[in-house]
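Which chain is which? The protein sequence lines are A and B, in order.
Position in the first sequence (from 1) plus 321 gives the number in the numbering used here.
Position in the second sequence (from 1) plus 7 gives the number in the numbering used here.
No wet-lab data here; the hints were simulated from the structure.
There may be inaccurate statements among the hints.
Stated by the list, open to error - Cβ-to-Cβ under 10 Å is the rule here; a few derived chain B residues that face chain A:
| no. | residue |
| --- | --- |
| 1 | Val61 |
| 2 | Asp63 |
| 3 | Gly66 |
| 4 | Pro68 |
| 5 | Lys90 |
| 6 | Thr117 |
The beta-carbon is built from N, C-alpha and C at its ideal position, and this holds for glycine as well.
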Amino acid sequence: RKEVEQDPGPFNVPEGATVAFNCTYSNSASQSFFWYRQDCRKEPKLLMSVYSSGNEDGRFTAQLNRASQYISLLIRDSKLSDSATYLCVVNDYKLSFGAGTTVTVRA
Amino acid sequence: GEEVAQTPKHLVRGEGQKAKLYCAPIKGHSYVFWYQQVLKNEFKFLISFQNENVFDETGMPKERFSAKCLPNSPCSLEIQATKLEDSAVYFCASSRARVPGVFGPGTRLTVL
């Protein structure tokens, strides 16, 4: 079983739609969790951390469910510029990455 | 600077040749991580350093891969006798702690 698993997508959504996707992790001792964004095979950039109580950053909402060992990302009012691959990252001291979920927002 | 610098941007090697990649972490960041991203696949952790000491090398293919982070020098990742399957983008990241840091732009290695 992979350490971090994501639905690869792609999720094709119209502008303004809401899109959400999950990521599951296998190591119950994982310390912290993050969502990264990667555009066109460039370097990944930190989108947001994921806190136990859930957190929002503008149109982005992240949730953590430790009992079921998954995290989620929800994007509201999606923009064309949100088109990217979203990487779920789990910190078990070496940063385990998921394979990414591709989101394409169309006009 | 506030960016992680990686050189070269592209590197082409014939099978069996050596490849050496460099990473200059952000000043003040004591942790450096190396990752390999093969086309369409996830990031594979290779090795991490805390200053010049290896912190975690569980991802390193020991027989051909080696890495160093020496004081006052860029960190390096060296692949002896490259194989076709080593073709990938190699990302370096640095941080102040054992948490996600800033990634460099990557070095694209192509082994022919």
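Now the hints, each set against the structure:
Of the supplied interface hints, the one on B:Val61 is violated, with its beta-carbon coming no nearer than about 12 Å to a beta-carbon of chain A, more than 10 Å. Evaluation of the B:Asp63 hint against chain A yields a held restraint, the C-beta minimum of about 5 Å falling below 10 Å. For B:Gly66, the interface hint holds, the least distance from its beta-carbon to any beta-carbon of chain A being 7 Å, beneath 10 Å. Hint status for B:Pro68 relative to chain A: violated, with the closest Cβ pair at about 15 Å, above 10 Å.
Hint status for B:Lys90: violated, given a least beta-carbon distance of 21 Å to chain A, over 10 Å. A least Cβ separation of about 13 Å between B:Thr117 and chain A goes past the 10 Å threshold, and the interface hint is therefore violated.
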